[in-house]
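Chains X and Z supply the protein sequences, listed in that same order.
For the first sequence, position 83 (counting from the first letter as 1) is numbered 83 according to our numbering, and the numbering increases by one without interruption.
For the second sequence, position 382 (counting from the first letter as 1) is numbered 382 according to our numbering, and the numbering increases by one without interruption.
Source of the hints: derived by calculation from the structure; they are not laboratory data.
Keep in mind that a hint or two might mislead.
To be verified - A short, non-exhaustive set of chain Z residues, derived as facing chain X with CB atoms under 7 Å: (1) S527; (2) R531; (3) R535; (4) G539.
Note that the Cβ used here is the ideal one computed from N, Cα and C, for glycine as well.
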Amino acid sequence: MKKIKEVRPILLVEDNPHDLELTLTALAQCNFANEIIVVRDGAEALDYVFQQGDYAARPSGPPAVILLDLKLPKLDGLDVLARIKADSQLRQIPVVMLTSSREERDVVSSYRLGVNAFVVKPVEFGEFSEAIRSLGMFWAIVNHPPTHPASFGGQDVQG
Amino acid sequence: MDNAASLPSDAALDRCAEEPIRIPGAIQPFGALLLLEPRHLLVLSRSANLQPLTGMMASPGQTLAEAGWPGTLTAALAEWSNSDDALYSAPAQLPTGRFRLSGTRGPQGLLVELETEPEAPGPGLDALYPRLKLFLDELDPASSTQTIMQGAAREMRRLTGFERVLIYRFDSDGHGTVLAEDGDGSLPSYLGHRFPASDIPAQARALYCQNRIRLIPDARYTPVPLEPPVVGTAQAPVDLSAASWRSVSPVHLEYMRNMGTLASMSVSLVIDGELWGLISCHSAGPRLVGPQIRAASEFIGRVLAHHIGANERSAAHAHRIALKDIEVGLVERLSRVGSLKAGFLENPQAWTALLSSAGAALVWKDEIHTIGATPTASQIRALAEWLHAQGVDRTFCTDCLGTVWPPASAFADTASGLAAASISRLHGSFLMWFRPEVIRTVQWRGDPHKTAVDQSGALHPRRSFEIWQEQLRGRAEPWRRSEIDTLADFRSVVVNLILRRAEERAALSEELQRSNVELESFSYSVSHDLRAPFRHITGFAELLKRRARNLDDTASHYLDNIVQAAVTAGRLVDDLLRFSHLGRAALSCATLDMNKIVEEVRQGIDLNEAQPRITWHIDKLPPAWGDASYIRQVWYNLMDNAAKYSSGSAHPEVRISAGRQGQDIVYIVADNGVGFDMAYAGKLFGVFQRLHRTEDFDGTGIGLALSKRIIDKHGGWIKGEGVAGAGARFCFALPQRNERQ
């Protein structure tokens with residue numbers, strides 16, 4: 001069993017208030033123990049993960065998983081993904097791209113940058129909350145962070 | 001234009017053509033000749049008859065003064081030599097009598113000829129003038145060329161006293177045709193007859209252009225040699241091109257004797273620097289014509305040539321203007337239609353009228369289009385290839401195609417005449433006009449095909465001037481200068497038109513590319529931004545429904561409708577995006593196992609049914625060549641439709657089979673469902689076209705449009721047949737694998 005302090009937060013990067021509300025609702029229904037940290041654009045997301053700017057004083061440690069919207073103000077999701085996966089310390093953080101887009105080029109770019117999962121948000125809420133639930137399950141609970149971050153590649157699934 | 005290959009042009013005739021007629025080294029005995037160095041009138045050469053004829057000595061190396069020539073004469077010659085005058089003519093009294101001195105300038109010095117002035121002096125210029133004036137008055141500018149030639153022949157005979165005067169013209173092959181004649185009846189009439197080109201060798205023709213008159217008073221003459229025959233440091237033979245009494249080729253003298261004429265005089269008709277024809281005078285007996293009459297004859301020749309030239313030019317001009325009218329009309333219509341092909345096929349009359357032809361062809365890349373009477377497409381193709389290989393990059397005209405390109409003899413009846421214009425060097429594309437064969441009967445004077453070479457290989461002129469009739473075959477009406485000019489003009493217009501169209505197309509495709517880029521960014525943002533609100537609507541409606549547990553049925557129904565509508569809208573967006581994607585996506589083709597794909601799709605459809613009731617009859621299907629995921633999509637759409645529209649039947653059945661149609665493999669999906677009215681078949685494949693009400697059958701109406709787009713992109717076809725209430729049948733065909741894929 002994990003101790004409470006070991007339950008790391010889920011970082012949700014979402015600019016659209018409606019999507020944010022729906023995602024938070026879906027996550028709430030899952031009853032995860034993880035704290036949900038919400039940031040509203042790409043720059044803020046980077047501040048959080050790199051512990052800088054407004055988040056310079058946050059408790060250290062990477063989030064359990066990052067749920068990252070693709071279209072974001074300032075820096076978009078692909079930029080954020082690229083920055084995280086380029087960092088040897090942070091690349092271990094699982095990143096799930098959540099998007100409205102079915103555009104192939106987004107999927108291809110995301111995987112090329114090392115995304116861990118790519119989810120096109122379903123239109124129906126039932127499906128949507130199911131998707132969020134299973135994602136959260138897998139990445140926030142089942143997936144343990146590595147003890148030695150340098151020992152594995154970013155895209156590998158550790159279980 | 002070709003030379004008549006059928007006429008004698010063998011080695012002997014070539015030797016004749018090489019005969020040094022400019023430097024015979026001798027003159028006719030009817031005059032004497034001096035070649036003088038121009039500055040000091042130093043004698044360079046002289047004819048051997050100088051002393052006997054004139055009683056004057058002139059040894060090479062002496063000046064005329066040293067040789068004792070009269071001072072007045074030498075002074076006059078010296079004055080001329082220093083002047084700009086090309087010619088000199090003056091009388092002179094010498095020991096043996098009165099002489100006419102004529103001087104011309106040659107490359108080696110002054111050529112001075114002396115000839116006896118007739119005892120009873122012939123008509124002087126003052127006597128000739130009234131007659132020439134009368135002739136000139138007759139030359140009404142409005143008269144036809146024929147009338148003018150007839151008048152000139154008559155006047156020429158009256159002036160010179162020859163028994164027969166012929167005026168003939170050379171055609172493009174060098175054969176001469178007698179167009180006018182005047183005679184006293186003692187010599188046979190040659191009017192309308194043709195003389196082979198070989199009668200006058202090429203270098204004689206050139207000389208005719210330079211020296212416009214030549215007299216041979218008696219073909220039996222003995223040539224008088226020049227002493228010395230060579231002059232200067234180079235010891236070059238004396239050039240007698242400009243001399244009146246140059247001795248002529250013995251072959252020509254034999255020709256004259258064979259023809260039964262001992263005296264002849266020829267006056268050149270030169271138009272625009274080209275030998276157009278000759279005035280040819282003959283007498284059976286000897287005939288000496290004095291220098292005054294010769295000058296007057298030459299004058300008549302020049303006036304005649306002038307008039308003929310003017311007449312021809314104005315006729316050509318009028319014709320050119322008439323053709324220009326047709327051309328302008330044609331070009332105007334060409335610029336209005338979308339393509340050269342349309343311009344060609346829609347204006348057959350103007351097209352053939354442009355070059356007075358019976359048929360025309362347009363060879364454009366791989367296409368051949370024809371109007372009127374033409375050779376077959378494969379013959380035209382071969383002709384275009386030949387023209388291309390010949391390097392024809394502008395225009396090409398011939399009136400005897402079979403002679404220049406023997407394979408054309410096979411279709412001489414339709415295309416003995418060809419006028420072609422290259423319109424694309426790159427593609428070997430041509431415009432062609434054809435003229436049919438015109439069989440002509442020609443009356444030759446002598447057999448032009450008979451060479452006259454004896455066993456020793458020496459050339460003799462022909463002896464027979466008997467009429468020899470020939471049917472000229474493989475010849476079309478010749479192309480006129482104005483038509484050849486028109487062809488060149490028309491070609492450049494068409495080429496410019498093609499270039500302009502190509503530029504317009506390039507601009508259009510640039511425009512298209514730009515709008516494609518815009519469309520792509522548009523669909524990208526649609527895919528992101530348009531889907532989101534629908535998701536929000538369904539999401540919040542669901543949440544509301546969960547929260548308000550005591551909603552009455554109507555309120556709950558309304559909420560369901562909201563969700564349903566938003567879900568449908570979301571799916572529409574997805575379908576539309578998929579449809580627009582297809583336009584941009586590249587196919588990745590492979591050999592497809594259609595049995596496998598159909599089986600997988602069938603399982604998928606059955607899985608969706610709560611209780612699969614459909615009976616599938618699936619034949620063994622041949623493999624296809626295509627993009628697996630897109631073809632799977634087509635199968636899915638067709639099979640899902642079949643299942644959907646037959647679901648209401650008592651025993652829903654779907655049959656899947658395949659057949660072959662030409663090069664294509666055709667796949668067929670048939671059901672026994674509600675079918676459709678063929679009246680609406682045209683709407684089947686349109687985007688968002690539905691033939692059934694939404695509450696009856698679910699769907700966005702994009703499946704068939706998408707299928708058609710996929711099949712189109714593969715280069716195949718798709719069609720649907722149906723009967724309302726009796727099932728539908730959809731077929732699609734995919735082309736076999738080829739190199740382009």
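Outcome of the hint check:
About 5 Å separates the beta-carbon of S527(Z) from the nearest beta-carbon of chain X, less than 7 Å, and the hint is met. Interface restraint check for R531(Z): the shortest CB-CB distance to chain X comes to about 4 Å, inside 7 Å, so the restraint holds. Nearest Cβ of chain X to the Cβ of R535(Z): about 5 Å, under the 7 Å cut. The hint holds. Proximity of G539(Z) to chain X holds as hinted, the smallest CB-CB distance being about 4 Å (cut-off 7 Å).
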